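Here the protein sequences come in this chain order: A and D.
Every number in our numbering is 6 more than the matching position in the first sequence, counting from 1.
Every number in our numbering is 6 more than the matching position in the second sequence, counting from 1.
Calculated directly from the structure, the hints in this document are not laboratory data.
Treat the hints with caution; some may be incorrect.
Identical copies go unnamed one by one, so any copy, or any two together, can satisfy a pair.
[To be verified] Result set (DSS-like, lysine-lysine): computed pairs, CA atoms no more than 30 Å apart in a straight line:
no.	residue 1	residue 2
1	Lys280	Lys135
2	Lys90	Lys100
3	Lys135	Lys257
4	Lys135	Lys17
5	Lys14	Lys201
6	Lys280	Lys157
7	Lys201	Lys157
8	Lys157	Lys283
9	Lys262	Lys135
None of these values were measured; they are calculated from a predicted model.
So the chains spell out like this:
Number of protein chains: 2
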Amino acid sequence: MIRQLIEKIQKTKAPVCVGLDPMLSYVPEHIQAAAFEQYGETLEGAAEAIWQFNREIVDHTFDLIPSVKPQIAMYEQFGIEGLKVYKRTVDYCKEKGLIVIGDAKRGDIGSTSAAYAVGHIGSVQVGSKTYSGFDTDFLTVNPYLGTDGVKPFVDVCNSHDRGLFVLVKTSNPSSGEFQDRLIDGRPLYEWVAEKVVEWGDASMDGDYSNVGAVVGATYPEMSRILRNLMPRTYFLVPGYGAQGGTAEDLKHCFNKDGLGAIVNSSRGIIAAYKQEKYKQFGPEHFAEASRQAVIDMVADINRVL
Amino acid sequence: MIRQLIEKIQKTKAPVCVGLDPMLSYVPEHIQAAAFEQYGETLEGAAEAIWQFNREIVDHTFDLIPSVKPQIAMYEQFGIEGLKVYKRTVDYCKEKGLIVIGDAKRGDIGSTSAAYAVGHIGSVQVGSKTYSGFDTDFLTVNPYLGTDGVKPFVDVCNSHDRGLFVLVKTSNPSSGEFQDRLIDGRPLYEWVAEKVVEWGDASMDGDYSNVGAVVGATYPEMSRILRNLMPRTYFLVPGYGAQGGTAEDLKHCFNKDGLGAIVNSSRGIIAAYKQEKYKQFGPEHFAEASRQAVIDMVADINRVL
Chain A
7 MIRQLIEKIQ KTKAPVCVGL DPMLSYVPEH IQAAAFEQYG ETLEGAAEAI WQFNREIVDH
67 TFDLIPSVKP QIAMYEQFGI EGLKVYKRTV DYCKEKGLIV IGDAKRGDIG STSAAYAVGH
127 IGSVQVGSKT YSGFDTDFLT VNPYLGTDGV KPFVDVCNSH DRGLFVLVKT SNPSSGEFQD
187 RLIDGRPLYE WVAEKVVEWG DASMDGDYSN VGAVVGATYP EMSRILRNLM PRTYFLVPGY
247 GAQGGTAEDL KHCFNKDGLG AIVNSSRGII AAYKQEKYKQ FGPEHFAEAS RQAVIDMVAD
307 INRVL
Chain D
7 MIRQLIEKIQ KTKAPVCVGL DPMLSYVPEH IQAAAFEQYG ETLEGAAEAI WQFNREIVDH
67 TFDLIPSVKP QIAMYEQFGI EGLKVYKRTV DYCKEKGLIV IGDAKRGDIG STSAAYAVGH
127 IGSVQVGSKT YSGFDTDFLT VNPYLGTDGV KPFVDVCNSH DRGLFVLVKT SNPSSGEFQD
187 RLIDGRPLYE WVAEKVVEWG DASMDGDYSN VGAVVGATYP EMSRILRNLM PRTYFLVPGY
247 GAQGGTAEDL KHCFNKDGLG AIVNSSRGII AAYKQEKYKQ FGPEHFAEAS RQAVIDMVAD
307 INRVL
């Protein structure tokens with residue numbers, strides 16, 4: 007699966023993914039009004055508003071980008087109705103030829119991780135039939151429980167040609183609280199990185215492994231070290247744009263071949279029309295603002311590669 | 007919320023929760039057949055089988071126990087249809103007067119954790135209305151991202167009188183891989199424990215905090231230390247029974263007042279009819295086997311208290 011992602015990155019010349027993390031407050035008034043008109047101020051109404059919002063953004067950006075990363079929490083907050091739109095968004099993006107990274111940060115004891123794995127990136131057995139619950143191409147995974155909590159995801163990657171991004175060093179302000187603590191002189195995230203390499207060793211797919219890592223754009227010095235520690239691990243890099251990471255900060259996430267990382271931006275793209283810079287589009291043309299923001303982001307990143 | 011849980015534990019004299027973690031393979035043949043007859047071998051069929059299985063177990067045990075802990079992964083593996091049954095199970099258990107611990111192990115950057123928190127233990131705003139997506143009483147939370155990833159859950163606990171159990175030391179075989187690593191001479195799980203105490207300081211609800219901890223039954227020496235480190239933190243203790251933890255192993259999880267811990271058993275209760283010990287019930291009477299297994303578990307634990 008990482009090979010497919012790389013091919014799409016090379017084709018679009020855009021090592022980016024658009025984070026489809028819609029807060030209802032990002033959805034322009036006219037879309038919310040139309041959805042509430044149809045379904046009332048209900049969970050169905052919220053879900054419909056988010057779906058219309060997503061669809062327009064995807065329609066206006068899919069030809070420019072290799073992939074999207076829907077954050078499942080933003081759908082889960084609306085319960086079942088929200089999750090239906092998560093699935094609908096995943097399916098729609100795949101129809102449009104996009105690679106879909108499900109940002110779910112799941113992780114549990116072995117038997118439980120196995121259930122998450124079949125539900126999100128594999129298939130579940132029901133009598134003599136098999137079904138895919140959510141069917142994303144990649145999934146983000148939390149490593150706190152260690153190897154037996156991650157291994158079932160890796161197994162499903164191998165059997166279904168899918169990929170993972172395991173949290174190594176996250177982009178949030180307090181990520182260092184545990185992740186940066188020194189163990190035998192080295193921060194925890196380096197120990198996790200070594201395990202990610204080990205977990206991914208048997209999942210090579212071309213030059214890179216299907217087992218990737220999440221490495222935040224907001225800690226550039228650390229990404230330099232992690233790049234060296236994990237030469238064949240693809241990085242999913244959150245934190246660019248709204249969270250404060252700049253293109254300069256991203257340099258070290260890439261290998262010398264210009265590959266090795268895919269940079270996510272969520273709010274900076276999907277709510278671009280709310281920024282001073284893209285104000286001229288107006289809420290009616292929010293998706294055109296997103297398209298311009300993608301073009302600008304790609305140019306910004308390619309400038310440092 | 008922890009006060010309500012304690013009252014129910016005292017009333018039932020049962021510091022236990024039943025883990026509603028149904029694998030389809032646990033569901034007796036006759037229930038699967040009836041569900042597949044109605045819906046075919048589909049995700050709806052699997053979900054219906056699990057719902058009927060859960061309902062019977064709850065009907066046969068709710069008077070003996072204070073709480074249940076549905077593991078959301080076991081539902082999520084069947085996609086939307088599975089998650090509908092997760093919700094239905096949560097709602098049904100609450101109608102029966104049970105306290106529901108949603109075992110979801112969520113955790114992300116701040117804004118994303120906030121979305122999970124409103125979806126699972128709080129309420130989400132839609133225009134002028136508010137709705138609860140899943141509406142469990144407690145939620146399990148993963149601490150790898152640090153304070154700003156946990157704080158939004160704590161905030162919702164405080165505003166909605168709900169509770170958390172934050173992963174500290176998990177019950178699985180490789181939990182020590184990162185959790186036991188020494189940082190300034192003390193294992194990571196102790197540092198997490200100290201943070202859990204800090205996070206819970208402003209969430210006291212009677213003698214205990216609404217911010218609890220997950221501490222596996224399978225590491226008794228560690229639970230003794232954690233009990234001392236976290237005197238006012240309630241422990242959710244997985245790993246008893248099928249995972250290998252014994253009643254003796256649990257002793258240290260409790261305070262001298264006999265409170266401080268609630269012990270989960272999943273497979274050992276819900277699939278009791280498959281054990282040699284309860285074989286006489288047979289698959290037709292699986293829920294009576296579960297009832298007997300609850301009675302035996304409660305006696306076993308009370309023996310060491």
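We went through each hint and held it up to the structure:
1. Lys280 <-> Lys135: Between copies only: 24 Å across, 47 Å inside.
2. Lys90 <-> Lys100: For Lys90 and Lys100, both the intra-copy (15 Å) and inter-copy (24 Å) Cα distances are at most 30 Å.
3. Lys135 <-> Lys257: neither (46 Å within a copy, 45 Å between copies)
4. Lys135 <-> Lys17: neither (36 Å within a copy, 45 Å between copies)
5. Lys14 <-> Lys201: within (28 Å within a copy, 43 Å between copies)
6. Lys280 <-> Lys157: between (42 Å within a copy, 27 Å between copies)
7. Lys201 <-> Lys157: both (11 Å within a copy, 28 Å between copies)
8. Lys157 <-> Lys283: Answer is neither: 44 Å inside a copy and 32 Å across each miss the 30 Å cutoff.
9. Lys262 <-> Lys135: So Lys262 and Lys135 fail the 30 Å test inside a copy (46 Å) and across (52 Å) alike.
In summary, the structure is inconsistent with hints 3, 4, 8 and 9 from the numbered list given earlier, while agreeing with the others.
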